[in-house]
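I would like the entire structure built from these sequences, with the hints used as guidance.
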Amino acid sequence: MSEIPDAIPAFPKLTRPMSGRVVAGVAQGAADQLRLDPVVLRLAFVLLTVLDGLGIVAYAALWMFTSREPSERVDRGRDWGQVAAYGLVGFVLAALGVLTGAAAGGVATWPIAIGGIGSLILWQQADPGRRKRWMNTTVGQVRQTWVRSGIGLLLVVVGAIGFLVAQDQLAQAGTGLMFTAVVVGGIGLIAAPWLASLWKELQKERTERIRQEERAEVAAHVHDSVLHTLTLIQRNANDPREVTRLARSQERELRNWLYQPKQDADATLAAAVRRVAAEEEDAHGVPIEIVCVGDCELDESLSALLHAARQAMVNAAKYSESPVVSVYLEIEPDEVTLFVRDRGKGFTLDDVPEDRMGIRQSIIGRMERNGGSARVKTAPGEGTEIMLTMKRNS
Amino acid sequence: MKTVRVLIVDDHRLFRSGVRAELGPSIQVVGEAEDVETAVRTIAELEPDVVLLDVHMPGGGGQEVLRRVLGSGSQVRFLALSVSDAAEDVIGVIRGGARGYVTKTINGTELTDAIGRVAEGDAVFSPRLAGFVLDAFASTEAPPIDPELDSLTTREREVLRLIARGYAYKEIAKELFISVKTVETHVSSVLRKLQLSNRHELSRWATARRLV
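Protein sequences, first through last, are from chains Z and L.
For the first sequence, our numbering assigns the number 1 to the initial residue and increments by one for each residue that follows.
For the second sequence, our numbering assigns the number 1 to the initial residue and increments by one for each residue that follows.
Do not take every clue at face value.
DSSO-like, lysine-lysine: derived pairs with alpha carbons at most 30 Å apart [unchecked claim]:
| # | chain 1 | residue 1 | chain 2 | residue 2 |
| --- | --- | --- | --- | --- |
| 1 | L | Lys170 | L | Lys181 |
| 2 | L | Lys174 | L | Lys104 |
| 3 | Z | Lys345 | L | Lys170 |
| 4 | Z | Lys377 | Z | Lys318 |
| 5 | L | Lys2 | Z | Lys345 |
| 6 | Z | Lys391 | L | Lys174 |
| 7 | Z | Lys345 | L | Lys174 |
| 8 | Z | Lys318 | L | Lys181 |
| 9 | L | Lys181 | Z | Lys377 |
| 10 | Z | Lys318 | L | Lys104 |
| 11 | L | Lys170 | L | Lys2 |
| 12 | L | Lys181 | Z | Lys345 |
| 13 | Z | Lys318 | L | Lys174 |
| 14 | L | Lys181 | L | Lys104 |
| 15 | Z | Lys377 | L | Lys174 |
| 16 | L | Lys2 | Z | Lys377 |
The set of hints was computed from the structure by calculation and includes no laboratory data.
If you want it as structure tokens, here you go:
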């Protein structure tokens with residue numbers, strides 16, 4: 001499969017994961033390999049066991065022939081609630097099967113199977129990991145959980161009715177069902193206000209917890225970086241250059257943390273340019289102001305542009321004597337342009353000796369080798385602006 | 001040149017006195033305010049030419065001041081001055097009616113210059129604001145509802161690009177072979193589009209930028 005070279009190997013070896021297992025991890029391992037939900041396989045094993053005992057044989061065989069997943073994770077415990085749930089479902093189904101003779105096969109098997117699937121879906125909601133995710137995710141996923149519950153409930157009801165029909169007892173069950181519905185409805189009416197207040201309480205607690213976590217995160221950040229920098233500034237109070245550098249770098253970090261969208265430092269061009277500028281600003285103590293318009297993935301030719309841009313920033317910060325360097329990056333659908341500008345002393349391009357590496361090799365040469373171009377605009381006393389252009393290969 | 005009467009609205013006393021000390025002789029600071037309530041009252045009392053407005057303040061921030069003062073029909077001009085670089089804040093105050101946005105790292109001369117410009121009815125864009133505008137107007141794929149308001153002209157785009165590249169108005173004029181007045185006209189026209197364009201994308205773009 002050439003489309004996903006770096007992803008998981010197409011056919012991973014079947015192993016039994018230790019974390020999250022219910023019995024021995026067979027179903028989970030097989031599910032990982034087949035890219036299915038483990039619930040489906042667990043359910044298949046339980047049903048096959050109940051119907052003709054094949055499930056337990058298959059499970060035992062797989063247990064014997066697959067190795068444990070090598071893992072350093074300590075979390076090896078079972079979720080006994082789930083073990084009990086699957087056991088109970090299996091037991092109830094088996095009991096029903098024996099009592100009604102359905103296990104022998106025939107039409108009556110299907111209602112049991114449908115009911116079993118439904119109840120397993122419902123039981124699955126009790127999985128602690130899922131419950132946790134449910135607690136702190138967005139509306140979309142909550143809705144998904146509701147859909148699952150609804151499908152599970154529907155399957156159980158269909159299974160039950162089908163079972164009754166198969167046994168020709170639907171008519172007798174009618175009165176009983178009516179009675180049950182009235183009792184359940186009554187209990188529901190009594191308990192509803194209490195349940196509602198409980199739900200509200202839970203929501204309140206949840207928001208409170210989220211707020212506390214946020215506060216803790218802010219406190220940790222302030223402690224780790226801001227207080228630390230303030231200490232360093234006090235210690236370096238007699239070195240104005242170092243104080244400025246520290247203050248500036250702390251300001252940048254705080255700003256990024258507060259206002260920048262969370263970005264992977266090296267995945268996109270804009271993020272990479274910001275990082276490079278921050279490094280050079282730290283190294284040379286000259287503020288580098290960055291404005292980015294648009295963004296795109298970083299590829300090989302854009303990496304060349306990034307290197308050239310770094311060299312331009314170094315030149316501006318080191319030699320121009322400008323108090324500030326401006327960097328402007330614009331990403332258009334077919335082209336990327338980057339400007340590095342200073343208001344420093346400038347120079348005459350023809351006066352730069354042929355063998356000087358900075359401008360000619362690291363900037364102009366590098367851009368041309370990678371299919372881009374560089375233009376230098378400068379004059380003594382007029383500052384310098386370097387423009388880098390690179391076509392985008394889409 | 002006549003002196004410009006300025007009111008400084010900021011909740012940090014140290015910052016207010018810092019700005020006061022830095023401003024040039026063409027500026028007369030007529031008062032200070034430290035929250036939304038006092039700001040609204042003092043603006044009505046003193047009727048300054050320009051209000052230097054902090055974005056984050058107790059009681060609703062700069063946007064609340066803008067809403068209440070401009071809502072009452074006042075003609076006072078606002079220049080937003082903030083430490084925040086968040087697109088949400090920048091676009092927010094501009095759409096709220098401020099005639100410019102500069103960050104607090106700006107030096108005294110530049111600030112004096114910017115105040116003078118706002119007093120004359122022109123707009124002041126920092127490089128970052130120019131970048132945001134270019135980004136916001138470029139990133140929407142939906143066809144403009146009102147072509148006159150919802151898109152930038154080539155010339156406006158050029159001017160904004162140069163601002164984003166760190167050019168001063170005078171340098172832009174030289175670069176594009178136009179007068180400084182023409183540059184100011186272009187910037188003011190972009191400001192008008194920014195404020196009046198009713199495409200929701202602008203606000204949504206600003207909010208979404210934080211959530212990515």
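Status of each hint after checking the structure:
1. L:Lys170 to L:Lys181: Judged against 30 Å, a Cα distance of about 9 Å means the pair holds.
2. L:Lys174 to L:Lys104: Since the Cα atoms of Lys174 (chain L) and Lys104 (chain L) sit roughly 27 Å apart, the hinted pair holds (cutoff 30 Å).
3. Z:Lys345 to L:Lys170: Status holds; Cα separation ~18 Å.
4. Z:Lys377 to Z:Lys318: holds, 18 Å
5. L:Lys2 to Z:Lys345: violated, 34 Å
6. Z:Lys391 to L:Lys174: The given pair, whose Cα atoms are some 28 Å apart, holds under the 30 Å limit.
7. Z:Lys345 to L:Lys174: Satisfied, since the Cα-Cα distance of roughly 19 Å is no more than 30 Å.
8. Z:Lys318 to L:Lys181: violated, 35 Å
9. L:Lys181 to Z:Lys377: holds, 25 Å
10. Z:Lys318 to L:Lys104: holds, 25 Å
11. L:Lys170 to L:Lys2: holds, 21 Å
12. L:Lys181 to Z:Lys345: holds, 28 Å
13. Z:Lys318 to L:Lys174: Holds, at about 27 Å.
14. L:Lys181 to L:Lys104: Status holds; Cα separation ~26 Å.
15. Z:Lys377 to L:Lys174: holds, 14 Å
16. L:Lys2 to Z:Lys377: violated, 38 Å
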